[in-house]
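Novice: Here are the chains, one letter per residue:
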Amino acid sequence: DFNERCAQCSEVNWGITDGGRFYCRSCHNVTERTREVVNTDFISNTRVQTISKGLRKQEKNGESCEWYVCEGFQLVLKKQAEALEALGVCPQMKDEVLCNFWRRYLQKSKQAYCNRTAGEAVQALSVCDSSTDVDSEPERPSLLHLLSLSESDGDLPTDCSFASSTSKVSESTSVCSGSVDGSLYLMKNQKEKLRMTMPMTLSFCYMALLWLREPMTLSELLRFVVEGHIPYFNVFLHFPEKMKLYGLDLKIFCVESWPAYEEVYNKMLELAAFLDLPRFPDITDSCFLHPNLLCMKYLMEANLPDELHHWTCRVVKKIHVGEVDFLTLVPGNKSTRSVKYDILAVAVIIVVLKLLFLLDDHYEWLLSDFAEERNKNNNEGGPYFELKKWYKVIKCTLDAEQKKLDEEKAKDLWRCDKPLYYSVEKKAKVLKRRQMVVNLQNQFGKLSGSLRPAEKPKPSSFQLRWSEENADGNCFHGHSLKGILQEKCGLLTARNPEYWLCTLKLCSEKVCGRAAHYREMDFPQSYHFVLRLFAFLLRIQPSYIHNEVCVIEHKLFNKKLCRKPKYKTRLKR
Amino acid sequence: SSHEHKLNFGKSKEMCLNFIQDAMLQKQWNRAAEFLTFYAEALEKDFSRDYMGPSEIIWRIGTEILCHHSHSGMKEFNSFIEQMKTFGVKRYLKVCLEHSFHLLCNGLVDEAYQNLSLAESWRFGEHTAIRDKEIKLIQAYKGLLDYYSWSKQKNILLEHDEDEFEDLSVEQEMHSYFRKAAVNLKEIIKIPGVWDIFVKCYVDLLEFYGDDEEARQVLSEYAYNSKFPANPNAHVYFYQFLKRHGESKKSLISALKILHDLVPSHELMINFNTMLQKSKKRKNRRLGLQVIFAVLDYAGWKENVKAWSCLARQVKQIVISDKHPDWIEQEWDSRKDWWPAFHFSHYLAKKNWQENKSLSYEKALVAGIILGKDCKYFRYVSHQGCKAQAKKFRILKKFVNKHIPVHLRISG
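Just so you know, the protein sequences line up as chains D and G, in that order. For the record, in the first sequence the residue sitting at position 291 is 291 according to my numbering, with numbers rising by one throughout. Take any residue in the second sequence, count from 1 to its spot, add 1000: that is its number in my numbering.
Here chain G stands alone, though its shape is the one from the complex (with noise of 0.2 Å):
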């Protein structure tokens, strides 16, 4: 019928953005200006209930040109984002912080804080949910613009000699920036939310004035509350906090023991796992062990030498000791199956050899241990090193030599 082929005002309308979209992803600024202008009168009938409208779309496409035209400056855009913000009240708040953003981005500290205050001010509009959620975002920003400058403040204070007179009005300063910041940082992070930096400045502000205990709070709830998505972050400042305060091995291991969980390849899985091994509790120790096996499961860990020696002490240090073999068999019976070929080959051997002696030493003490002198690994590396009569090597090979490895206790 002759109504398929009938183009109307909204397929053209999508032509035109076909053409603009085409034009910007091959970062053609002037084309996709310019088909910018035939699109725009689509504002005229954006009665739309779609996820996106014309002026959204105007409003994202218009910034993204504007950022990239060499012709464009900061005035340009300004006017722009004054006008998009004067059209959809429903979008008034967002296209506000994103203009914050966009002046951060430049250098206009100020300009943004100003933007900031006017938006915190403007009350029209429907009062919905996610308006006082925006707000409060903003607010935020506007806290950590605050906080910015009460470091800054902070640091003249450092730097200067006791010359009370001159301090007293920076402290003055300081001290007020702290106040307008806390309250609007503490106001955000009481919503769950992803909300690192602001807690991090929070959290900063806090311990400067001492108030250690509303700091712990914070990061403990930030890190436990189940109402907040789950963040490893969260658990690391957490950590770090316990750590700066001298708190008990015993509290930091619970904190990281989370994160364990959360990302067991973290960075600060070694530091777990040095805690753990030294720790009397047995439990801890054999909580090490998982850690560290888990790490090297990774391979961003393959190469890692500290890892690798962690392994091969704690492992070394179970065979002497003659006592929890199990544990690594444990551990091991996961691992049987792929380890082998994903740590232990003779072309990894012979890559690690040449590269990096001490890796391939740790590693020959963990294959040996456990695969048994005539593995692949062991074999090359050890015969290697005693070729170029390294002595520890002679001291591995004879230390492997002695036990009996643990892959045949497993199928034994």
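Same shape as in the complex, but just chain D (with noise of 0.2 Å):
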């Protein structure tokens, strides 16, 4: 690293422009020093002196160069984390945090940074034909045999065309991965070391952003890159033009699935204890993290009234969810339930409404026509909160807005213009393949007056957006809770006198994977509309909010529930 001071403003604040010099952020000053293009986008490499058999050959007409899956890696986390410094996410995030993160990953996973132990000699198959050198390995696997072992999402494994042509390749090691190591990658079991995939760029991310208590949910950061703002579909794109990518790379580096958020974030917890990560630094009721916050922000999302968010926060405080120490993530610690704050905040709001109208698909809609009367006579300055309108409004746009994103969703297109193939002989093929999609777009694009544009939405925070300036009365913030709340000794307290439980037997979570299992015909459909609701705005399916909801409810009523051996349906709160 460059530590020297600049010239111009003495700071030492340096960035690398594009073209591999340094420059001074404060002062834009360029200097002359320039980073070796090896040492930005790759590691310098200690593994050198244990491979063996000078594998190390390059090709002649200098095209394209070694490279270690690894390396792929790091230019894929140096990318993702561009792209959320341009969403605002602060620079420490891709200078340092993930840079760190990132190194004392590939100390711990033995790939750098660390001397190799004696019985790691790599036993890569190389890119050229390297016959001479890797004679008789006894255990060189076949390709077929490492298609099969990979969990990579996706058909790849059902390549049957490739499959069938895998017989020839054992004999020949002709282009196996344009990276060195990409079969080894896919090969041994490596778990215990924690084996890098596309998925987890996102857990490093997300860590990253977490350790920085960065403004941004998992769920938010999921969207984003399912919107197109963050490089992770066709992320080769990015690679320099040496980096050759085919074979068994695509198996590591072609995703095909969207980024599901428990592989996710599971993948996070396992990391940070692998990495041996102290405690995170502390979530605060100060930070954006924190529910009494989060609830804000997905109520004003959600059209809830403001007034809401009291309700909420006294959830919150009496089930101590918002204390640091719970929402602190102490990595390795399995004793404590790890927190997912967005989703956690959501069933905090839908158990403040069950709370508050308990949704049975009865009760709400008595109590929303008692405010509507209530209204009638209403002098004071806001309306009442009546649910019927609310349901009416958000039901409308929910509908239509999850209707485009289906419509959205089944335009994505996964494949891109730089083709990809798993050898030489495919190669031909899949050009001529290309050729034919880009035709077919090209002549039904012109045919409805759609050639595919170019511009994706502009990222944002928030999906719905609710101004009371509007004046066809839609939002509802300002609306005001007292038309369904009475007075008990000075107080406002809820009409509502009863309660459901989502569950009455939490299961266990390691046996289960859950705690709850959500079966949509069980429920009121009001409770299922909520959910809906929020699993809208999270981009996650509902069951895993009305997990979180069962978690909630028995930590708020736990005490009743220990006390009363016979179990009701409903209790009296």
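Hints listed in this document are in silico derivations from the structure and should not be mistaken for laboratory results. Zero decoy hints are in this set.
EDC-like mimics (lysine to aspartate or glutamate), calculated; alpha carbons at most 16 Å apart, straight line:
{"no.": "1", "chain 1": "G", "residue 1": "K1336", "chain 2": "G", "residue 2": "D1326"}
{"no.": "2", "chain 1": "G", "residue 1": "K1011", "chain 2": "D", "residue 2": "D406"}
{"no.": "3", "chain 1": "G", "residue 1": "K1094", "chain 2": "G", "residue 2": "E1126"}
{"no.": "4", "chain 1": "G", "residue 1": "K1011", "chain 2": "D", "residue 2": "E407"}
{"no.": "5", "chain 1": "G", "residue 1": "K1336", "chain 2": "G", "residue 2": "D1297"}
{"no.": "6", "chain 1": "G", "residue 1": "K1090", "chain 2": "G", "residue 2": "E1126"}
{"no.": "7", "chain 1": "D", "residue 1": "K482", "chain 2": "D", "residue 2": "E372"}
{"no.": "8", "chain 1": "G", "residue 1": "K1011", "chain 2": "D", "residue 2": "D412"}
{"no.": "9", "chain 1": "D", "residue 1": "K78", "chain 2": "D", "residue 2": "D95"}
{"no.": "10", "chain 1": "D", "residue 1": "K317", "chain 2": "D", "residue 2": "D285"}
{"no.": "11", "chain 1": "D", "residue 1": "K79", "chain 2": "D", "residue 2": "D95"}
{"no.": "12", "chain 1": "D", "residue 1": "K411", "chain 2": "D", "residue 2": "E227"}
{"no.": "13", "chain 1": "D", "residue 1": "K418", "chain 2": "G", "residue 2": "E1044"}
{"no.": "14", "chain 1": "D", "residue 1": "K411", "chain 2": "G", "residue 2": "E1014"}
{"no.": "15", "chain 1": "D", "residue 1": "K432", "chain 2": "G", "residue 2": "E1082"}
{"no.": "16", "chain 1": "D", "residue 1": "K426", "chain 2": "G", "residue 2": "E1044"}
{"no.": "17", "chain 1": "D", "residue 1": "K403", "chain 2": "G", "residue 2": "D1022"}
{"no.": "18", "chain 1": "D", "residue 1": "K108", "chain 2": "D", "residue 2": "E270"}
{"no.": "19", "chain 1": "D", "residue 1": "K389", "chain 2": "D", "residue 2": "D369"}
{"no.": "20", "chain 1": "G", "residue 1": "K1011", "chain 2": "D", "residue 2": "E408"}
{"no.": "21", "chain 1": "G", "residue 1": "K1011", "chain 2": "D", "residue 2": "E256"}
{"no.": "22", "chain 1": "D", "residue 1": "K427", "chain 2": "G", "residue 2": "E1044"}
{"no.": "23", "chain 1": "D", "residue 1": "K418", "chain 2": "D", "residue 2": "E241"}
{"no.": "24", "chain 1": "D", "residue 1": "K411", "chain 2": "G", "residue 2": "D1022"}
{"no.": "25", "chain 1": "G", "residue 1": "K1136", "chain 2": "G", "residue 2": "E1098"}
{"no.": "26", "chain 1": "G", "residue 1": "K1152", "chain 2": "G", "residue 2": "D1110"}
{"no.": "27", "chain 1": "D", "residue 1": "K409", "chain 2": "G", "residue 2": "E1014"}
{"no.": "28", "chain 1": "D", "residue 1": "K446", "chain 2": "G", "residue 2": "E1076"}
{"no.": "29", "chain 1": "D", "residue 1": "K432", "chain 2": "G", "residue 2": "E1044"}
{"no.": "30", "chain 1": "G", "residue 1": "K1316", "chain 2": "G", "residue 2": "D1326"}
{"no.": "31", "chain 1": "D", "residue 1": "K429", "chain 2": "G", "residue 2": "E1044"}
Here chain D is said to cover these stretches of chain G; the calculated rule only asks that three of the stretch's residues, wherever they fall, bring their Cβ under 8 Å from a Cβ of chain D:
{"no.": "32", "segment": "1015-1021"}
{"no.": "33", "segment": "1034-1040"}
{"no.": "34", "segment": "1062-1069"}
{"no.": "35", "segment": "1074-1081"}
Small disclaimer: the values here were computed from a predicted structure and weren't measured. Where is the CB? At the ideal position from N, CA and C, for every residue including glycine.
Now that you have both chains on their own, put them together as the hints suggest.
Specialist: Shown next, in the form of structure tokens:
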């Protein structure tokens, strides 16, 4: 790293231009000092000495170079960090936090920055036809075997035509992968070393965001990925020309699934433990990720009255989910349940809705009518909140947005113009197919008048926006809850005296994988509706939120549940 | 687990396909085309052994869209189809054939012919039995177009006066088309299948050139070879041929007998019954009764005067001659439970009388003979008829009164 003071402003705040030169971030003074390309994008490989038989050969025409899989991932992370910075995340993430996490990972997984142990001779299949080098390796795996071992997503393993051509490959070692160690990467059981995958890059990003306590939840991060603001799909487009990608690299770097919340999250936990990270910076009540603040955000987005915030804070306090020790991540601590901030926040909101409105497909509508009646004689400033009106507005919006989202998902393009192929024999076929696809897209695009537009939607934290300035009265933020509350001893309490538990008994997460199982038909439609609403905002399945709701309810009514051995489906609060 | 809800490439394309299908069903061709552009990349993962993979789906959907979209013309269609041909060796011949159909539907006969010729000479891909059959089919359609050209030349020839000079070239052309057509048509009809149009054209050619033997052989094979699927039309063609060539009643009857077995409600059954009634052989007359009863089992014939008059004539004839009344009994036995309601209800009596007096006369005759003078139908119609002072109804009434109804004999 470059630590000299800037000639112009004496600061030590360096960045790197596209040309690879150092420039001062404070005064934008560009130096002549360049970083070697190898250093920026590639790690200097301490492994070189241990690679047997001089596998490092350069292609004669110098158009490709040898690269290792972890170098590829490093590039991916760099691009992702840059994208996050463009979205407003602080630059520390890219320059410090993520870098350090990554270096530590490389160290721990013994891919760099360490001395290789003796038994770790790299048995990589080479890029070039090096039949002289890799003669009779007794355990050289066949390509077919490697394909079947990989857990990666999508249909890549079922590429029958590829499989049929592999019989020849074990003889000649031509083109198994562009990277030097692609086959090795897929082959060994790397569980103890936490093998890097594409979804795991997002785990890294999220971990860094969490460390910095950036105001971006995991669901937001994943949404930005799907919307195309963060490189993930076809990320190899960002690889430099010299890094050729083919064969088994495809299984490693080509993604054909949308990133899944649970997977990214769980990997993050694993990663944090693997890296032996200490306790993360505290999540206090002034952090965006604190349930009080997140609830506020989601209440706004769901067009619910601001007054509900008071209630969410009460619930948060009562079940102690607002405490620093509860919210802060301590890696490796398996005794406490780790926190999914976004899901927690929306679950709290749903519990509050159940507390106030019951949501049994009956009482909430009565209450709404009651509020409507009271609204007629309402002399106060703002109207009382009527659930019916809210429901109509939100349902309309939700259905329209969901439909839009479904259409957008159906229009997702997974492939791109840079063709990828498993082997040179396949190249011609792949190119031909690609050409055909492009022709079809052109022909039918012209016909429908919709040649693919290049613009992505602008990234935004809020998917739904409601404004009180709109004359149509569709914004419920300022509405009062007084219509559904009553005064008792000078305090406003809920009219609703009852509550129903989503589940009487929680499953063990270790056994079942989750605390509760959701079936839409078992629950009231109003409940399903609010689940659906927040599931849309978070882009996850309703069952995940339901899961969290069950856990919260059990915390909230813990005493009552313990006290009364006979269960009732409804509780008096 | 997180894997359940993970949407992958395949599912994403499935969603896309659903949108395409919805748009097509609602005839929103623009929208369908738009989604097709997003579906196209499914080709890049077309490794499936599914019944219908992405390339076939794209071919068929693309064809539909281009057929219906207002901005799409033959040029776009042809260019699309040419692409589809180059992609997917196994499907090449099928695409060519369907392309030809499309060209024919748009009146581009020459282009269709060229297309078929090109396809015929295509020699790539694996040599399979299916491919052989597809080539034969292509050749057959080519033969059909040759027949069409032959037919045109023939008409020109027939219209001309005796002008040798002009006619010579026309005649030569005509013969050349004949040869080409005959060769191909002959081949396809050897393969078991339903080849109505090919057979008809081929027979037409043969008959024109006087090769009746061959024509007869072809039609007979087509109708009677058990390897061929049961096809009523085959028997119709054979019958028509026999009739054209003045064959014996016996052969005509045997040809129509099979048709009766296959399609009892066929319109030729009326002719059949007429023929059989006139026959001297008892078993033929018996068959005739069976045939006409079978025809009237079908709702489509309920109000057909001719059919009823055939039945009436035969039934009356049997009663008068008093020979084989058991024939009627036998036919009636399986029908006694449902024919009265089906044909002879009071409602139908009124309806028939109002709409078609001849029909009601014939039906009343049958009803009166079989069910007796007290049956609803007969009573109503004969009453109405006598009221209207129609002479024949009075005769009818007298006739029926004279004879014991058949149905009583059955129970008796």
